[in-house]
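There are 2 protein chains.
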Amino acid sequence: MNVLEERIIKDGIVKEGNVLKVDSFLNHQMDIQLFDDMAKEWSKRFQGKTINKILTIEASGIGIAAAVARQFNAPVVFAKKSKSINIDGEMYVAEVESFTHKTKNQVIVSKKFLSEDDHVLIVDDFLANGCALQGLISIAGDAGATVEGIGIAIEKGFQVGGQIIRNLGYQLESLAIVDAMDAETGEITFRQ
Amino acid sequence: MNVLEERIIKDGIVKEGNVLKVDSFLNHQMDIQLFDDMAKEWSKRFQGKTINKILTIEASGIGIAAAVARQFNAPVVFAKKSKSINIDGEMYVAEVESFTHKTKNQVIVSKKFLSEDDHVLIVDDFLANGCALQGLISIAGDAGATVEGIGIAIEKGFQVGGQIIRNLGYQLESLAIVDAMDAETGEITFRQ
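Protein chains in written order, with this note's numbering: chain A, -3 to 188; chain B, -3 to 188.
Source of the hints: derived by calculation from the structure; they are not laboratory data. Don't take every hint at face value.
No distinction is drawn between identical chains; accordingly, a pair holds when it is met within one copy or between any pair of copies.
Unchecked claim - 20 Å max Cα-Cα, derived EDC-like pairs, lysine to aspartate or glutamate:
(1) K76 - D27
(2) K107 - D7
(3) K36 - E12
(4) K17 - E180
(5) K17 - E54
(6) K108 - D19
(7) K36 - E169
(8) K6 - E93
(9) K107 - D27
(10) K11 - E86
(11) K36 - D175
(12) K77 - E54
(13) K6 - D175
(14) K77 - D121
(15) K40 - D19
(16) K11 - D178
(17) K76 - E54
(18) K45 - E91
(19) K107 - D19
(20) K76 - D121
(21) K17 - E183
(22) K6 - D114
(23) K17 - E86
Build the full structure now, drawing on both the sequences and the hints.
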């Protein structure tokens, strides 16, 4: 088990409906030392790749991306979520529909901060169905940037998001892939 | 001039209506090396204070708070913004009204992550009228936590927020206090 899996076992809470609460260290309270350890692991897994920009999405991706940026000595760009904005030509916009909630959201990034010269590592805290991630990939594509890899903290392996991204040929490195959870016993099964 | 003021002069853009765009390094694209330098400066200014938690608000405060957390070896808790939530007793909620937009927003923090044992440093990117900051102080008060200080990257010195906070007796350390901006010439005047 790696450091994130150990922490999930220690402090994660399984709730009904395949909900994994990790808000004590990952996405409400944030353990920056853990983030640094996670960033070092991604730095190993993406070794040899040229990465000049870390791309994430507000809000809970930002703290993790800040730690990763330090490893790669690169700036972070975080996409903003918006219900609907006036597109004034200065923004890349991806419209993404949530599988779960059937709501549509826009993911937006200023054109100033992403271009064909960029080699991007996308980072986020969770991957389930992957709607937000698909929006980020779409925006990188619009900018002509190269997605060198994708680093996810926790992937819900029993949902489709990860498989779709791997099928598309991306190097997806999820530090913890949860294949099953039991709300009654609290048991969490990680993929080997 | 400190490192943030120098960067504002170099890359900040003054727009009509007293708008200062710093999205190339502070609140859309984030220069983590700059954040580390800013965090070191706050670490000096709050020397001797016992600080065990960094409190900020999504989204643009998170990256800065992550850098500050490393200096103080403390976790970050970021408050969430919400139009309205069902208060189930598990959350501290502050209702704040924007001076500018006259809209009401809720600022929320889980009760699990803030208590009377906490000595908090509040961190954010901007301080203008200070509504979000007032919400954070209110929540810290509800929790019985002690606000040891407040670190702001850019304070708009010509708006009321900073003065109110200093009048209330808090140690407010803004790294750049903008006293005037001229959209025509692009000139920015910092408080000495």
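Practice task
May I ask which of the numbered hints given earlier this structure violates, with the numbers listed in increasing order?
Solution key: Numbers 3, 8, 11, 15, 18 and 22 - these are the hints that the structure violates, sorted from lowest upward.
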